[in-house]
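J.: Here's the letter readout for the chains.
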Amino acid sequence: MWQGLLAALSPTNLFVEVMGVLIGIVFGAIPGLTATLAIALFVPVTFLMKADSGMIMLGGIYAGGIFGGSISAILINVPGTPASIITGWEGYALAREGKAPLALSLAALSSGVGGLLSGVALLFLTPLLSSLALTFGPPEYCALLLFSFTIVTVMMDTPLLRNLLGCFIGLLLTTIGLDPVTGAARFTFGSVDLMSGFNLVAVLVGFFCMTEAAFLAFEGLDRSASDGVIEFGRGHSYRELARTLWTRAATYLRSSTIGVLLGILPAVGPVETPFIAHTVERKFNKKDEKFGKGSVTGLIASECSISANVGGSLMPLISLGIPGSGAAAVFVAALTLHGLQPGPLLFKSEPALIYSFFWGFIAVNLFMLLFGVFAARYFAVVLKLPKRVLATFIALFSILGSYAINNSMFDVGVMFGATALALWLRALRVPILPIVLAVILGPLFEQQTLVLFTTSNSIGDVLGRPIADGFFAVTLVMLAGSVYRRRAAPRPERSERESKCCIST
Amino acid sequence: MKRSLSAVVSACLLASALVAQTVNAEPARPANYPNRPISFVVSYPAGGGMDVTARTLAAQMERVTGYQFRVENRGGGGGIIGNTYMATQAKPDGYTVGILANPTLFLNILKQGAKFRKSDLEPIAGINFAPVAWFTRTDSKFGKMSFNQLIAYAKTHPGMVKVGVIPNASFDMATRIVEKQKHVKFNIVPFQGGKPSIVALLGGNVDVSAAYYSEVAQYIKAGTLKALAVADNSPAAQMPDAPTMKALHIKMASGTWGADRFAAVPKGTPRAVRNYLADLIHKTLEDKATQEAFDKVGINVSVKTMAQQQRSYNEGYVAVRDYLKSAGALKAGR
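So the protein sequences, as listed, match chains A and L.
Each residue of the first sequence is one higher than the one before, starting from 0 at the first, in numbering that gives the first Met the number 0.
Each residue of the second sequence is one higher than the one before, starting from 0 at the first, in numbering that gives the first Met the number 0.
Calculated cross-link-like contacts (lysine to aspartate or glutamate; reagent style EDC-like; alpha-carbon spacing at most 20 Å):
| id | chain 1 | residue 1 | chain 2 | residue 2 |
| --- | --- | --- | --- | --- |
| 1 | L | K266 | L | D92 |
| 2 | L | K330 | L | D171 |
| 3 | L | K282 | L | E121 |
| 4 | L | K161 | L | D138 |
| 5 | L | K220 | A | E349 |
| 6 | L | K282 | L | E25 |
| 7 | L | K90 | L | D119 |
| 8 | L | K117 | L | E314 |
| 9 | L | K90 | L | E71 |
| 10 | L | K330 | A | D178 |
| 11 | L | K110 | A | D178 |
| 12 | L | K154 | L | E178 |
| 13 | L | K295 | A | E349 |
| 14 | L | K117 | L | D321 |
| 15 | L | K324 | L | E178 |
| 16 | L | K161 | A | D460 |
| 17 | L | K220 | L | D240 |
| 18 | L | K194 | A | D178 |
| 19 | A | K49 | L | E291 |
| 20 | L | K295 | L | E285 |
| 21 | L | K282 | L | D294 |
| 22 | L | K324 | L | E314 |
| 23 | L | K194 | A | E445 |
| 24 | L | K184 | L | D171 |
Derived from the structure by calculation, the hints contain no laboratory data.
Just chain A, same shape as in the assembly (with noise of 0.2 Å):
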C-alpha cells in the first residue's frame, strides 16, 4: 500500500496526475463535451503510458471533468457536464448575488472534500463496499427509483401537478425506441435512428446549454440593457471558506457518503447523486430558507455527493470488473486494452498497479481542490466577453458535443428539438426538473421493474428484502408528510412559486 503512494508520487505520475485534472477541467467546463467524452478522447493517449500513469490520467480526467462541469455552471448557469444541474440551481444563484468568487471555491473545496473522502473509501474499503454493487439486485433499485421519483415531485416548490406532468412528460420520452424485451419498434415511425431512443447526453445539452444560450442571445442583443457584460463580484476571504468545513462537517459527510454508497451502485451514475444528496440536505437544514435558491449548503452537498460519486464508481470496476456509471465502463475498456482485466483477480495479481491508482487518485483529487479553490476564479474571464460571443460559442459547442456522442447528425436534431420543448415548458411553467430527473432513470426503472416482474413470485419475494423495505418506507413517510405539510401551510405567493421554478430550470 504505501509503495503505491510513492509510485503515485513519482515525477511520471505528478505530472499525468496534474495533466489529466487540467484536460478534465477544461472538457468538463465547457458546455456539451463531458467527461465521459474527455475520457473516451484520450484513451488511446494512454498506451504511449505505463498503465498506473495511463489510469491516473483518466482518473484526473474524470474527476477534474465533473468538477469543471460546476465552473460555468455557477458563472453562466449552462451546466458543463449533466452532473453540474443542481450545481448550478444553489451556485448561479450565488452568483447572481455577486458571490461568484465564493461559489467557486465552495464548489472546487467540497469537490475536493468529497474526492478525497471517497478516495480514502477506495483505499480502505472497496471489497468491503463493492459487495453492496451485488447486493442491490432489482427489488431495491425499483425501490430506490421509486424512492428518487417522489423526492421530485413531492420536494420541489412547484404546484404536485405541473411536476407530476414533468415526469410523465420524462417518462413518455424514454419509451421512444426498442422495447426491451420483445425489441419491438415504440414511437419510432420507421426511423433506424429513433430505434436507440433520445440520447440522454444530446437531450440535456439541448435542455440546459442550448436554451441558455438563447436566453443569453436575447438578453446580448437588448440594446436598452446594460453593456451586456454580467458582475463577477468580489473577492471573499479564505478564512470563511474553510471555516465551513467544521460548521458544515455534517454535510460534508452526509454528502460524501451518499455520493459513494450511490456512485458504487453500477446502475446509476453522477448525473442522479446529486438530486438525492440535495434533497437529504435539506431535509437536515429545514431552517436554511436560501435552499436551492443560493444556499451555501446547498452548493456543498452538490459538489460533495457529484465528487465522492466518482470514487464510488471506481469501486465495483476495480473488485468486480463492473462499471459503476457510465464513464467508468469507458475504463473498462482502457484496461482491457492495457492487457488487465479488471475483476476478482486484479487485486491479487497487480496490487502495486491498484494502490498506485488508488493513491493516485486522492492526489488528483488534492490538485483539483488546489487548483479550484486558487485558480477557477480565472475562468471568471469568460464574463468579460459579452453575452452574444458567450451565446455564440455555448451554442457552437452545445452542437459539437451532441455530434461527438454518435458522430451523428441526428443527435443535433435531438438537441435542438430538446432545446424547443424546453423554451415551450418554460413559457407553460411546467418545471423541468422533474422532467429530466424521468429522462435520466425512466429507461432503468422500466427494466428493473421487468426484471423484478419475471424473477419474483409472490409479494414476500419482494418485501422480504430489507434495503427494499427502508426505501419503500422513506417514500412513504415523505409522501404522508408532504401531503399534510401541503395541506395545513397556507398556499404561497404565486408569483414567487414561479419565479422559483424558473430559476431552477
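Given chain A, put chain L in place with the hints provided.
T.: Just chain L now, with coordinates in the frame of chain A:
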C-alpha cells in the same frame, strides 16, 4: 554425380519459381492506395468487446502494414445504426471497413426490418468467434449439477430455473433452442447487456446466465462461476471442459449463436482494393504477435480467409432465418 547435382539445382530453381508464383498470387498494392488513414467502423460505443476487438486490430494492422488505421464508434440501437451506416451510407472506396458482428447484423435485417440487405456488405476476413455459453455460480445448487442434470431439474420444476439473457440476441435464441429441443421451460429473464446479467448471477437474482467467456473469465479463474455448456458444436478453446451442443445431442448450427466478429466493406468497393485489404487483415491476424496481443485482451483469434468468412456469412444467414421462421419472428418480406 554431375547429373544429380544439376537435378537438385533445377529442382531448387523450380521450387523457388513456385514460391515466387505464390508470392505473386498475393494481391498487388492498388495504385495510390491507401493514401490516408483507413477507418474501422464499430457499431457499438467505446468500451465494449467489439470496440476492444477493433482497437486491437487497428493497432496490430499499423504495426504489421505500416499504414494508419482509425477506430470510429457509431453506437446506438444495439448496433443497428452503425450497421445501417456501413451498408447504406459508407463510401465503397476502401477507406471505411466495418468491424461487425453476427448474428446481430442478420437480426437487424431479418427481425427488425433494417433498410439494407445481406448483400450490401462484403465480408473480407473473419476475426474471431465467441460462442454463447451458460454459466452458474459454483456455490449454488446448480453449481454441483452437470448440464443434463440441470435440464432434468428444469423438467420437474417448469419455469423455476431463472436464466438471464439479453433478449433478441444469440443469448436468448440459443437458450430457446435448448428449451425447444429438450422440452423444458426456463424462466427467461431479460437484461440490457451482458454485465447486468452477470451482476444478477453473482448477486443470486438469477440461477444461470447466458454470456460470453470473456465477460466472466475472471470469475471462472477465481472459481466463483463455472461453465455449464457451450452453444456450439466444437469445444471452446478457453473452456475445453464445457460440453458442446453436439455432445449433449442438441441440434444447433455451428458457429452461429455467439459473436461472429468479422471485417466487411460496403458493396461496390473496387475488387483490387477489397482483395488487398482482405490480404492485409489476413496477414496481420496470422501474425504471432497479433494473436498474443488479442490473447492479452481476452480474445481468442480464429482467422478466416475472405472465402471462408463469406461461406459462413451465407450459412449463418440461413440458420438465423430458419430459427426466426420457426419462432414466428421473421419480418414480413424477408
